Structures are given as structure tokens and as C-alpha cells.
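Given next are the chains, with one letter for each unit.
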Amino acid sequence: MKLTLKIWRQKNAQTKGNMQTYPIDGIEGDMSFLEMLDVLNTQLIDKGEEPVVFDHDCREGICGTCSLQINGEPHGPDRLITTCQLHMRKFNDGDTIVIEPFRAKAFPVIKDLMVDRSSFERIQQAGGYISVNTSGNTIDANAIPIEKEHADESFNAAACIGCGACVAACKNASAMLFTAAKVSQFALLPQGQVEASRRVLNMVEQMDKEGFGNCTNTGACEIECPKGISLENIARMNREYLSASLKG
Amino acid sequence: MSILNSKVPSGPLSEKWTKHKNDINLVNPANKRNIDVIVVGTGLAGGSAAATLAELGYNVKTFCYQDSPRRAHSIAAQGGINAAKNYQGDGDSTYRLFYDTIKGGDYRSREENVYRLAEVSANIIDQCVAQGVPFAREYGGLLDNRSFGGVLVSRTFYAKGQTGQQLLLGAYSAMNRQINRGKIKSYTRHEMLDLVIVDGKARGIIARDMVTGELERHSAHAVVIATGGYGNVFYLSTNAMGSNVTASWKIHKRGAFFANPCYTQIHPTCIPVSGDHQSKLTLMSESLRNDGRIWVPKKQEDAEAIQQGKLKPVDLAEEDRDYYLERRYPSFGNLVPRDVASRAAKERCDAGFGVNKTGEAVFLDFAAAIMRYGKEVAAVEHIENPSEEKIRELGEKVIETKYGNLFQMYEKIVDENPYKTPMMIYPAVHYTMGGVWVDYNLETTIPGCYCAGEANYSDHGANRLGASALMQGLADGYFVLPYTIGDYLADDIRTGPISTDLPEFAEAEKNIQEQLDKLINNEGSKSVDHFHKRLGKIMWNKVGMSRNEKGLKEAISEIRELREAFWKDVRVPGDYNEVNPELEKAMRVADFLELGELFAIDALHRNESCGGHFREEYQTEEGEALRDDENFMYTAAWEFKGDPGKAVLHKEELNYENIEVKTRSYK
Numbered sequence: 001m002k003l004t005l006k007i008w009r010q011k012n013a014q015t016k017g018n019m020q021t022y023p024i025d026g027i028e029g030d031m032s033f034l035e036m037l038d039v040l041n042t043q044l045i046d047k048g049e050e051p052v053v054f055d056h057d058c059r060e061g062i063c064g065t066c067s068l069q070i071n072g073e074p075h076g077p078d079r080l081i082t083t084c085q086l087h088m089r090k091f092n093d094g095d096t097i098v099i100e101p102f103r104a105k106a107f108p109v110i111k112d113l114m115v116d117r118s119s120f121e122r123i124q125q126a127g128g129y130i131s132v133n134t135s136g137n138t139i140d141a142n143a144i145p146i147e148k149e150h151a152d153e154s155f156n157a158a159a160c161i162g163c164g165a166c167v168a169a170c171k172n173a174s175a176m177l178f179t180a181a182k183v184s185q186f187a188l189l190p191q192g193q194v195e196a197s198r199r200v201l202n203m204v205e206q207m208d209k210e211g212f213g214n215c216t217n218t219g220a221c222e223i224e225c226p227k228g229i230s231l232e233n234i235a236r237m238n239r240e241y242l243s244a245s246l247k248g
Numbered sequence: 001m002s003i004l005n006s007k008v009p010s011g012p013l014s015e016k017w018t019k020h021k022n023d024i025n026l027v028n029p030a031n032k033r034n035i036d037v038i039v040v041g042t043g044l045a046g047g048s049a050a051a052t053l054a055e056l057g058y059n060v061k062t063f064c065y066q067d068s069p070r071r072a073h074s075i076a077a078q079g080g081i082n083a084a085k086n087y088q089g090d091g092d093s094t095y096r097l098f099y100d101t102i103k104g105g106d107y108r109s110r111e112e113n114v115y116r117l118a119e120v121s122a123n124i125i126d127q128c129v130a131q132g133v134p135f136a137r138e139y140g141g142l143l144d145n146r147s148f149g150g151v152l153v154s155r156t157f158y159a160k161g162q163t164g165q166q167l168l169l170g171a172y173s174a175m176n177r178q179i180n181r182g183k184i185k186s187y188t189r190h191e192m193l194d195l196v197i198v199d200g201k202a203r204g205i206i207a208r209d210m211v212t213g214e215l216e217r218h219s220a221h222a223v224v225i226a227t228g229g230y231g232n233v234f235y236l237s238t239n240a241m242g243s244n245v246t247a248s249w250k251i252h253k254r255g256a257f258f259a260n261p262c263y264t265q266i267h268p269t270c271i272p273v274s275g276d277h278q279s280k281l282t283l284m285s286e287s288l289r290n291d292g293r294i295w296v297p298k299k300q301e302d303a304e305a306i307q308q309g310k311l312k313p314v315d316l317a318e319e320d321r322d323y324y325l326e327r328r329y330p331s332f333g334n335l336v337p338r339d340v341a342s343r344a345a346k347e348r349c350d351a352g353f354g355v356n357k358t359g360e361a362v363f364l365d366f367a368a369a370i371m372r373y374g375k376e377v378a379a380v381e382h383i384e385n386p387s388e389e390k391i392r393e394l395g396e397k398v399i400e401t402k403y404g405n406l407f408q409m410y411e412k413i414v415d416e417n418p419y420k421t422p423m424m425i426y427p428a429v430h431y432t433m434g435g436v437w438v439d440y441n442l443e444t445t446i447p448g449c450y451c452a453g454e455a456n457y458s459d460h461g462a463n464r465l466g467a468s469a470l471m472q473g474l475a476d477g478y479f480v481l482p483y484t485i486g487d488y489l490a491d492d493i494r495t496g497p498i499s500t501d502l503p504e505f506a507e508a509e510k511n512i513q514e515q516l517d518k519l520i521n522n523e524g525s526k527s528v529d530h531f532h533k534r535l536g537k538i539m540w541n542k543v544g545m546s547r548n549e550k551g552l553k554e555a556i557s558e559i560r561e562l563r564e565a566f567w568k569d570v571r572v573p574g575d576y577n578e579v580n581p582e583l584e585k586a587m588r589v590a591d592f593l594e595l596g597e598l599f600a601i602d603a604l605h606r607n608e609s610c611g612g613h614f615r616e617e618y619q620t621e622e623g624e625a626l627r628d629d630e631n632f633m634y635t636a637a638w639e640f641k642g643d644p645g646k647a648v649l650h651k652e653e654l655n656y657e658n659i660e661v662k663t664r665s666y667k
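As you go down the protein sequences, you meet chains A and B in turn. Be aware that the first sequence starts at 1, since it is given in the working numbering, and climbs by one per residue. Be aware that the second sequence starts at 1, since it is given in the working numbering, and climbs by one per residue.
This is chain A alone, in the form it adopts within the complex (with noise of 0.2 Å):
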């Protein structure tokens, strides 16, 4: 098939960028969204230009470090999946796709479109943890039966994988849904509870340092989340947030 691709093209954080258009040609439907990148990049270094940069490793879903709003969308059209992850079947021929950015104060953009988003790593390193010592000298994995539905529970939020969509998606560009998927992760666990009220409170303080917005309770993070992270989760971090400052 036959696009017209309009990028985001910016040398690096200090200069300004803008969109720019190039036509592309040849493109299947089996390609992956960064295949069809690849093409476009092979051809413009071929003819002596500089590449586009974007941010991608595993190519599987699975590592969060691809990222790219597609036509206004975090990872594109598609649901529960990366940009990685998305085919170009999706598209019809003679289609114009616009590729930006995750667009937000605390995810200043690098070059072109890739982003630093180690505002995350921050909050994370607030209180992402269980402060146990890695010397295996704990108990019994089984000594503390826990009930199905809580590990369950407590996967599926632990399956985020910071990509930052939900931070992409919201027209505050409020951090909430990732940050209480974190918080819901240990908060579901008894193995969590000793450190709760700490972790709430340091990871939701640096989450406001970083620039992050308010949550407005508009839904769009769990719409675009490419793993499905429920708006369950910001409720449950609410609580988690409500019942730490009473207990001053």
C-alpha cells in the first residue's frame, strides 16, 4: 500500500521541532508499525538523510519502550497492544498518518519522537518495593497461602509496563493510572501491607514533584493502557492515599 506519513521531526531537546511529510510506497499488511519505520528509514538513509529516532527494543509487547501517538493515539488504532505490536493491516491504502511523541511536561521529548521518561523511574525508586534483603533467607514461599483472586488481582497490575501511554492519553497528563498499578501490586499482597502507608505517600509525592496532572476520572489511560490496567486501580490508590495521611 500506498501512505502518506506526516512525523515529528526534532533535532534534540534545546531546538525546535515540526512535522514533516514523506510519502511511502510498497508497504504490506503483514509489516509491523516499526517495519514500515525501517523501510522509511533504510530509504532516507540510502538517499543520504538522517533517519527517523524512535524508541523500540523487544518488539513484542512486552519491554515498554516503544512508544508514538498514531493519528492522536498512543500506540495507534488497535487495542491492548504497543505500537510494536501493531500491524499495518490496520491501514488502507492512500491513508495519512500522523506520528508524534508521547506528548507531556514530564516526558520531555529527546530527538524526533522518543521521550525520556525517567520521571517514572523516580516514582518508582519513591517506594516501588518491598524492603526485604535479597539474601534468600526468607521464609517458605508457601507459608503464606494467598487467596486466588488477590495474586490474580495483583498481577494484573503488576503486568504494567511503563510505557507511559496512559500519561499520553490524558488530556492532564496525569500519572495516576501508572502509579497505582504499582501501589495496587503490593497493596493486594499481604507481603506489601508492613510498608503500605510509606509507599502510598513517598511514590504519590514524587509523582506531583515530576509535573505530572491531576486525575479527572476521564477514563482515557485505561482505554489506550496496551495492558489493560484498570481504572480500579486509581480507586484503590485513592484509598491506599485517603487511609495513609489519616493515619498522619
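These are calculated hints, taken from the structure and not from any lab test. Worth double-checking, as some hints may not be accurate.
[What the hints assert, rightly or not] Coverage of chain A stretches by chain B, computed from C-beta distances (three or more under 8 Å per stretch; other residues unrestricted):
| no. | region |
| --- | --- |
| 1 | 32 to 40 |
| 2 | 52 to 64 |
| 3 | 78 to 85 |
| 4 | 106 to 115 |
| 5 | 121 to 130 |
| 6 | 150 to 164 |
| 7 | 189 to 203 |
[Unchecked claim] Stretches of chain B that chain A covers, calculated by requiring three or more beta carbons in the stretch to come under 8 Å of a beta carbon on chain A:
| no. | region |
| --- | --- |
| 8 | 64 to 71 |
| 9 | 75 to 88 |
| 10 | 115 to 125 |
| 11 | 136 to 145 |
| 12 | 148 to 162 |
| 13 | 272 to 280 |
| 14 | 408 to 419 |
In this text, all values refer to a predicted model and were calculated from it rather than measured experimentally. Beta carbons: idealized from backbone N, C-alpha and C, even for Gly.
Given the coordinates of chain A, work out where chain B should sit on it, guided by the hints.
Just chain B now, with coordinates in the frame of chain A:
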């Protein structure tokens, strides 16, 4: 006589590790604060090592090329992690896990390392649960297990099809705790480009900041390499796009021996290649073989009709299907080890029974499992006389809870519904058993330079069993390295900080700068990918699933020619002092072009078939691998001598004192 000293402690096998831990030197907590350790790579091995070393009190710097340690490719591991917990009461034990791993590795791994791995495996599960890793559980609240290839017990712990992700997030959370305490400094978007050796000891690295392009000098008292495997030498593999051999290869060029490079795992269940545009291959977890049955048509004309789209696989009668693994290996059936399953698929496809357009695919069919589970659920839920439709519906739900994410992945890529029609799969490069040679302490032949996880060669011999990579990565990082590295660092308590102004740092940095300059200023005509793809084709066709003398000799000379062509004609756009993914790729491919040659040399010298290394000249009448224990029961450790073609072979003989060496049979 070999110059390799494996430093295996004395005493009975089952007491060696305990004895060793009691014998080695410790560093007191106050002195640990004065000692710096660099960890390169933040997957399961690197992440767990960094967290543990920092927790012990060392000052740790971690480096990863990703924008977060959590994105290392361990994250993509699907199926599970083995541990000899015997929670199922099905006869598992440390010895049995040890035995299965040695046998699975086709008797080409070091007995003592493997025993230690089996011994610490149970600790890993305790540790991970304490960290909040949400493993799958049964209704009673206890941990669930499943079975993997090459074993007869259920010892695999899992978190849906995302076990690697959950374990890595566990290690990453342990890292975060130490980052928060200031004990780990995490350098992301940084790539190690050289090792710095001072007075014969590893004392630092040169790394490139991939955002500013700047070369940085980092010093330490010891360096740990945990940068994963080199499967991307084949261009197409299940590895991440950025997975590379550079750190391992650079230390090899500085004196670390490289062991058994030809031992590569070709994983039997990957989604087949769809065209020339393909950039990577996607694995479908081995756990699917618990329930999926692998088959091709019995008759060639049926295979052809399916290839041409004239016949649907669901319409082919049961008696016209050849469940070739069940036929050839009745006792292990669909759960034979990966090397065996891969070769069997290739054999059927080469004989003309492949089932996709290119004839390079076989079916993985869940129809029987869906009906079996459906009937079970109907019975449990007291549904009387359920229709076939109802049974199928109930069964599909069970399959969805077990493998839902894998089925979804498959459907998105192939555009077919695997609940309704069998999956198509084909072998692909997945894991490398070979790697940097290490002794019992995980130390390379460079003092102070350690190597952990897939990057080292130590535990899997010539073939790795499923769910053992995660086990090894975490065993190395959490439970082995923190002890053994302390023994080495005990001599460094008075050394003080290592200066990065030493001439050795300047020399290493200058070399790298020259290499970067050369690539940027090359003004060639072809992209990096062009050369990488060509290398991949040579490797896959001549050094892939089956190898022969003629092909290997051709491969060696073709790779040498390609390497020359690369340096003459590669085009790298942009500059070195900015974000430049093409430059990053060029540096990695330059190393793959050297490794590829050593890989083929190793495969050529090993005149036997074992595990993942299959030489066509050495096979039984039934087409099974034919080992030559008399002449090849050793680890081949190669020393770099200025050019991969001049590598010198050192042998570490393998002695099996606690296990009887047999011909591997899964029949």
C-alpha cells in the same frame, strides 16, 4: 595442559558450595563502603547482582542501554522458572533438577556449577515471593506449577505468560530500593564500549552516553558483565533489537576467553517468518507444549493443499495427521527438549510436509486440550449432557486463563484465531548457551572481571532446558556472585578509589573514539542493516540448525569478506555527539561480524553433534545427535589473538563423577 583453572572446591558434590561459602574471605561492612563495583546489564542477572551487592554495602554503578533497567530483555521471558521445591510431591529433588539439567545439556556443562544452581533454586522462589512477585496460585492459595520440556516432574513456577517480566520487576524493585538509598547509581541509555585493565585487573569501563554521545570513564574495583546472549548474530532472533554481544566481545578482546560459541538454542515454537521486511521473531512459550499437540499432514498432497490454502487444517481427518513428536518420542511426546523438537520440525519441513506458504511451519494444535478441559469443567460444574459447542466454549475459557496473552499476541501478528485453527510455528534462534568462560566463582580469565547470566557459558551445556534461564540469571545474581566477588574484593580494602586519569583509561577511550570516527566519516553506500541481514543469512544457512564441514568453511570465508566490506562500505548518518541509533547499531554489528567467525570456527572444530550443535556428519541412523565423548567431552574456551581467525583453543575437560554419562534418549 590447559591453563584454565575452574577453581572448583574440594569435597563431596552436595557439600561443595556450603564449604566454599565458609572458606572464602569476607569484607567487613565498613570496608565495603570503600569499594566500587560496576555492573553492566540490568536484566535478571545484572539487576539481582547490583541490588544484592549494594545491599551488602558496596558502591554500585549499573549500566544499561535501555531507558530503564526494567526494560532489559529478561522481561520477555514467558513460560516460567524452575525450582526444586517438590511442592507437587511428584518426586522432585535437588539431585533430579541437577540430573535433568546435565542430561538436557547433553553432558557438556560443569557438574559442580549445575549442582549449585539446583541447590539454590528453591531459595529463588522464597526470595521472589517475599519481594512481592505475583506468581500463579491455586485456589488453596499455594503456588501453582507446570511442566516444561525434557523433564518428568512439574517444577516450573510461573506468572501467566509473563514470568520474566514479573521476576525482572522484582529485581528492579530491589534495585530501586538501593537507588533510593544512594547505594546504586543507575546509568541508563549508556552502552559499555570497552573494559579498562590496570596492572592485570579489571578496573573500569568506557561507556557512551547515548543521549549526548559523550564517552565516559568509570572506574571500580571489579566489573560484572551481565549483558545477555548473542543470538542477534543471526539478525533474526527472539532477542530484543538492541541485544548485542559488545560487552562480552570487548572483554574477550581484552583477555577473557570465550567458551563454546557454537552452542545456540533454536527454539521450536516461534511464529514463522512472514517476509523480507521482518525485523525480529516472536516466541510462543514452551509452556504451550503442555497442552498443544504438534503435527503435520501424513500425506504430501495434503501438505501441499494446505500450503496453497486449498485445505483447512481443521478439516483434515485425525488419521491423516502425523503427530511426529508423539510418534518418535512416546515417553516425552510433545515435551521433548527444545533442540530435539526443533530438529524434528526441520526434518518434516525439509521433507516437504511444512504447512504455510513457504513450507517452513508446523501446527501446534489446542483442539484436543480445549475439549479435554471443557469436559472437566462441565463435570465440575455439574452441567449434564453438555453439547459439543458448550464443551468447546468452556475449554476455550480454560485455555484463555492459561495462555491468554500468548494467544492474543499470536492473533495480532498472524491475523488468525488460534482458538479456532491450529497455530503455525517454526524454530528460531532464541538463546545462546555459549558465552564468556567463567570459573566456579563466575570470574573470567581477567582478574576482577566477572560474568553472570546468559552472557556466561556455565550451566546449560550444549542445550538449555525450558525455564532454566531465569533460574540461572537470578541464582548468579542473588546467590552466587555476591559471595564469590567478596572473596576477590577482600584484597582491595586498602586500594582506595581508582583514578580515571590513568593512562589505561585514556588509551581505551582513544581506541573507541577512533572507531566511532571511522564509522561516522566512512562515507560508504550501504546501511548497517544491510550488512547485519547478510551476516544473519550466512549464519542461519550455514551455521544454523544443522551444520556441515563444507558449509562452515564457506561461512568462515564469507564472514571475513563481509567484515571487510562492512568497514569499507558502511554508511552511518549523523554525528557521534548526538542520539544516533545507526551508530549504536554499527558498533554492535562490527562485533557480531567478528563473533560470527569465531562461532563458525568453534562449530567446525567440534566434530560431533551435541545438544543444539548438530553436525550432519555425526548422527545416528535415526537422525539423532551423535556425541563423541572420547574426543570432545570438554569446554572449548577460545583466546583472542588479534583476529577471530587466529583464536587459540584451550580445553577444560569435563569430569562427571556424580552422574552416569549416557546417550540422551527421550523415547
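### Message
Going through the numbered hints above, which ones does this structure break? Give me the numbers in ascending order.
### Response
Of the numbered hints given earlier, the structure breaks none, since each of them holds.
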